[in-house]
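Those protein sequence lines, which keep their order, are chains A and B.
According to the working numbering, the first sequence holds residues 1 to 426 in order.
According to the working numbering, the second sequence holds residues 427 to 728 in order.
Hints are not guaranteed to be accurate.
What the hints assert, rightly or not - Chain B stretches covered by chain A per the calculated footprint, using a threshold of three residues with CB under 8 Å from any CB of chain A:
1) 479-485
2) 560-568
To be verified - Simulated pairs of lysine to aspartate or glutamate, EDC-like, Cα-Cα distance not exceeding 20 Å:
3) A:K135 with B:E490
4) A:K161 with B:E490
5) B:K636 with A:E18
6) A:K13 with A:D60
7) A:K59 with A:E11
8) A:K137 with B:E478
9) A:K142 with B:E529
10) A:K312 with A:E323
11) B:K722 with A:E96
12) A:K59 with B:D726
13) A:K312 with A:D334
14) A:K135 with B:E478
15) B:K722 with A:E211
16) B:K722 with A:E18
17) A:K200 with A:D180
18) A:K135 with B:E475
19) B:K492 with A:E118
20) B:K636 with A:D270
21) A:K227 with A:E18
22) B:K492 with A:D270
23) A:K148 with A:E207
24) A:K136 with B:E475
25) B:K496 with A:D157
26) A:K136 with B:E490
27) A:K137 with B:E481
28) A:K135 with B:E481
29) A:K136 with B:E481
30) A:K344 with A:D390
31) B:K496 with A:E118
32) A:K137 with B:E475
33) A:K142 with A:E153
34) A:K136 with B:E478
35) A:K7 with B:E459
36) B:K477 with A:E69
37) A:K273 with B:D726
38) A:K227 with A:E69
39) A:K13 with B:E459
Hint data in this document are derived by calculation from the structure and do not stem from the laboratory.
Note that the structure is a prediction, hence the values are computed from the model and not measured.
C-beta atoms are modelled at their ideal positions from N, C-alpha and C, and glycine is treated no differently.
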Amino acid sequence: MTSRNNKPIIEVKGLSKEYRIGMDRTYKRFTESFTNAVCHPIRTLRENAQPKDTFWALKDINFEVERGEVLGIIGRNGAGKSTLLKILSRITYPTEGEIVMRGRVGSLLEVGTGFHPELTGRENIYFNGAILGMKKKEIDDKFDEIIKFSGVEKFLDTPVKRYSSGMNVRLAFSVAAHLDPEILLVDEVLAVGDAEFQKKCLGKMGEVASEGRTVLFVSHNMGAVRKLCYRGILLSGGQTVYQGSIEDAIDKYVSGISTSVAHRVTYDIDPIKPISILEVEVESPGKHYGEAWDISDPITLTIKYHVKFDIKGVNISVALSREGVVLFRTWDIDDNIDLLRLRKAGNYSARISLPQNVLNSGIYTIYIAAGQPGIGAIIQYPDCLIFELDNLKNDSSQKSYSRGGIFRFPIKWETQRSDKLGRSYD
Amino acid sequence: MVQESPRIDEIAFQRADLKTVNPTMTEPTSDFELIIRPKYGLLDLNWRELKEYHELLFFLALREIKIRYKQTVMGASWAVLQPLFTMVVFTLIFGGLAQMPSEGIPYALFSYSGLLLWIYFQNALTNAGNSLVGNAPLLSKVYMPRIFIPTAPCLAGLADYGIAMTILAAMMVYYQFVPTAAVLLLPAIVFLTLLLAAGVGYWLSSISVKYRDVQFALPFFIQLLMFVSPVIYPTDILSGNLQWLLSLNPLTGLINAHRAVLLGHVPVDYIGLGMSAVITIVIFASGVLYLRRTEKYFADLV
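Kindly generate the complete structure, drawing on both the sequences and the hints.
Now the structure itself:
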């Protein structure tokens with residue numbers, strides 16, 4: 001009673017998480033381990049005795065969160081944000097360190113976990129609520145509020161497999177939004193649904209935060225983070241790079257991106273997902289490695305991906321961002337709707353050309369995702385590529401000024417001189 | 427807005443305080459403290475947490491029941507048809523052609539009373555064994571006591587068992603069999619079968635998170651298991667040594683007792699039942715421990 005409320009609601013001390021890497025598959029066949037052990041006993045023993053190829057997804061993370069604080073956790077893909085939330089949610093365990101939490105924890109790492117297509121909306125509300133840690137009585141009490149927020153009242157007794165994907169997401173988020181914990185952990189779930197619903201979700205999150213509950217929020221949406229959070233933690237390579245005000249954290253994040261230009265990345269095939277991105281590369285034809293790119297240079301983006309089995313309803317989405325603001329988003333199905341209807345198994349290579357003479361000098365990041373339109377991403381890599389455009393070709397008088405702005409369209413000016421005062425075109 | 431500077435004196439105080447924490451979920455505001463640490467002892471079963479989440483177990487079992495026969499024409503009658511048709515085929519082949527002895531009762535009744543419990547066990551074990559891999563999103567996206575995932579199908583199977591029981595009741599009326607007072611043991615026998623299916627299910631589902639071979643081996647294993655259980659033949663057709671060997675299978679005692687308490691045609695073999703109970707409890711307890719021991723890696727492996 002005395003000091004309890006003065007203590008931070010979350011304390012994270014020396015938290016580290018180690019993952020093993022270097023396995024093609026995340027699971028092993030028993031016979032494989034068995035034959036390895038029998039045929040190469042020495043090698044197997046040595047492999048088991050030696051530390052495997054490991055990497056630290058998180059390394060020595062320390063922070064405290066005060067009661068009622070809304071903390072944003074930001075950082076690039078692979079910085080350890082999601083791992084941190086998973087450990088805080090007790091989904092996976094830390095390798096080292098300790099966390100103390102002084103409140104009931106509710107975590108929202110995915111919208112609609114446990115939704116079953118055969119069950120009705122009503123049934124799914126109960127099951128999903130229970131899975132998220134709500135009691136039956138709590139769900140009963142909030143039932144009307146949940147359906148009102150979701151806007152699917154009419155279809156409450158229809159199996160959710162008959163729902164449109166948007167309805168599905170709205171219902172799922174509505175259940176999750178009515179979780180009532182003292183500590184709420186939220187991971188990127190706002191990246192679903194249409195813009196209007198996203199706005200509604202963001203409003204709900206703000207409401208939760210203003211009720212004095214503690215929220216830990218992971219997102220790539222800097223706008224949302226800035227709006228909701230007071231304090232931020234910037235993670236990079238599993239370590240805390242900065243903690244302090246959210247404005248500073250975002251500044252550091254954005255400028256951190258700019259120091260690390262990345263024109264090509266490769267990824268491993270994900271054994272579980274139906275589609276995996278293999279390689280993404282941005283290049284300017286004719287330019288050598290390390291050469292600066294001009295705003296008038298042609299720039300192409302190549303995406304190589306692997307489809308495990310014939311799939312329907314999937315698009316490849318590319319977004320170009322600058323300083324955390326998405327400039328545009330383009331889908332491969334825009335030009336070829338057949339790809340949405342059926343994408344056969346195999347390896348694909350897709351190429352797009354970015355518009356020339358449109359983007360101003362600056363640092364741009366590319367987001368790649370494979371997803372289901374209107375539902376969400378199957379696999380996504382925010383900020384996977386970073387490139388810089390310079391204004392090289394224009395003469396020095398123009399070059400020395402930074403005009404600012406995102407775009408640099410070739411705007412035509414027509415200027416005439418007239419001796420008359422007033423309107424000359426009457 | 428302002429970053430808190432570390433307060434070293436307070437941290438030292440809190441560290442000393444941690445030993446007296448109370449990991450309960452029930453009093454959220456006052457005394458609640460949850461500690462997450464890397465290690466987790468062998469016997470740390472955290473009963474409180476299971477109690478806290480017990481509603482979820484029933485929700486999961488209910489979900490299992492509700493979805494089982496969705497989009498089927500015959501719905502829950504499948505719960506009856508499966509043992510019924512198996513019984514008919516077995517009666518024709520083993521009772522008719524092979525002239526299998528059946529403890530002096532009609533073969534149809536003999537095989538159905540065995541199949542009733544066997545099919546419950548078979549379905550419960552199949553669903554439990556595949557449950558963790560089949561519910562991968564639950565493992566990687568939410569926190570809950572993982573043990574509920576394989577337990578739920580074992581509970582849900584009881585509904586099918588109850589439905590299929592009506593056929594046995596009808597058959598008993600037809601053949602004029604009246605259960606004796608020993609039928610009061612029936613709930614205990616069914617409960618032990620549930621523990622057995624759950625116990626084996628805990629082992630197999632935990633292993634299958636890492637080694638998917640289990641998914642292929644399981645149907646085969648179950649098929650073999652039926653032939654070493656007294657479902658289609660009575661135990662006494664075997665020689666003494668083989669009978670002894672068969673009694674190591676906990677299902678032997680359970681199926682024999684299940685048949686005896688319902689039909690009352692032979693006295694209940696309490697020694698056999700007791701032995702099955704002991705083996706069942708050992709399997710169940712070891713399954714619980716194994717699952718609780720390995721569950722912390724599930725999210726990383728599945």
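Each hint, compared with the structure:
1. 479-485: holds (count 4)
2. 560-568: Coverage by chain A holds here, the residue count being 7 at a Cβ distance below 8 Å.
3. A:K135 with B:E490: Distance of about 19 Å is within 20 Å: holds.
4. A:K161 with B:E490: The given pair, whose Cα atoms are some 17 Å apart, holds under the 20 Å limit.
5. B:K636 with A:E18: holds (18 Å)
6. A:K13 with A:D60: Answer holds: A:K13 to A:D60 is near 7 Å, not above 20 Å.
7. A:K59 with A:E11: Status holds; Cα separation ~16 Å.
8. A:K137 with B:E478: With a Cα-Cα distance of about 14 Å, the restraint between A:K137 and B:E478 holds, given a limit of 20 Å.
9. A:K142 with B:E529: Answer violated: A:K142 to B:E529 is near 58 Å, above 20 Å.
10. A:K312 with A:E323: Violated, at about 34 Å.
11. B:K722 with A:E96: Holds - the C-alpha atoms of A:E96 and B:K722 are around 14 Å apart, at most 20 Å.
12. A:K59 with B:D726: It holds: about 17 Å lies between the C-alpha atoms, which stays within 20 Å.
13. A:K312 with A:D334: Judged against 20 Å, a Cα distance of about 15 Å means the pair holds.
14. A:K135 with B:E478: Holds - the C-alpha atoms of B:E478 and A:K135 are around 9 Å apart, at most 20 Å.
15. B:K722 with A:E211: Distance of about 33 Å is beyond 20 Å: violated.
16. B:K722 with A:E18: holds (13 Å)
17. A:K200 with A:D180: holds (18 Å)
18. A:K135 with B:E475: Roughly 14 Å between the alpha carbons, so the hint for A:K135 and B:E475 holds.
19. B:K492 with A:E118: Between B:K492 and A:E118 the Cα gap is close to 9 Å, so the pair holds against 20 Å.
20. B:K636 with A:D270: The hint holds at about 16 Å.
21. A:K227 with A:E18: violated (33 Å)
22. B:K492 with A:D270: Violated - the C-alpha atoms of A:D270 and B:K492 are around 33 Å apart, more than 20 Å.
23. A:K148 with A:E207: Given that 20 Å is the threshold and the Cα spacing comes to 16 Å, the pair holds.
24. A:K136 with B:E475: With a Cα-Cα distance of about 17 Å, the restraint between A:K136 and B:E475 holds, given a limit of 20 Å.
25. B:K496 with A:D157: Roughly 14 Å separates the two Cα atoms, so the pair holds.
26. A:K136 with B:E490: OK: A:K136 and B:E490 at ~17 Å, within 20 Å.
27. A:K137 with B:E481: Given pair A:K137, B:E481 holds - Cα atoms ~10 Å apart, limit 20 Å.
28. A:K135 with B:E481: Judged against 20 Å, a Cα distance of about 7 Å means the pair holds.
29. A:K136 with B:E481: With a Cα-Cα distance of about 8 Å, the restraint between A:K136 and B:E481 holds, given a limit of 20 Å.
30. A:K344 with A:D390: Measuring from Cα to Cα gives roughly 40 Å; hence the hint is violated.
31. B:K496 with A:E118: holds (7 Å)
32. A:K137 with B:E475: Distance of about 18 Å is within 20 Å: holds.
33. A:K142 with A:E153: Distance of about 14 Å is within 20 Å: holds.
34. A:K136 with B:E478: OK: A:K136 and B:E478 at ~12 Å, within 20 Å.
35. A:K7 with B:E459: Distance ~11 Å between A:K7 and B:E459 Cα, so the pair holds.
36. B:K477 with A:E69: Cα-Cα ~31 Å, so violated.
37. A:K273 with B:D726: Holds, at roughly 15 Å.
38. A:K227 with A:E69: Judged against 20 Å, a Cα distance of about 13 Å means the pair holds.
39. A:K13 with B:E459: holds (15 Å)
Violated hints, in rising order: 9, 10, 15, 21, 22, 30, 36; the structure is consistent with all others.
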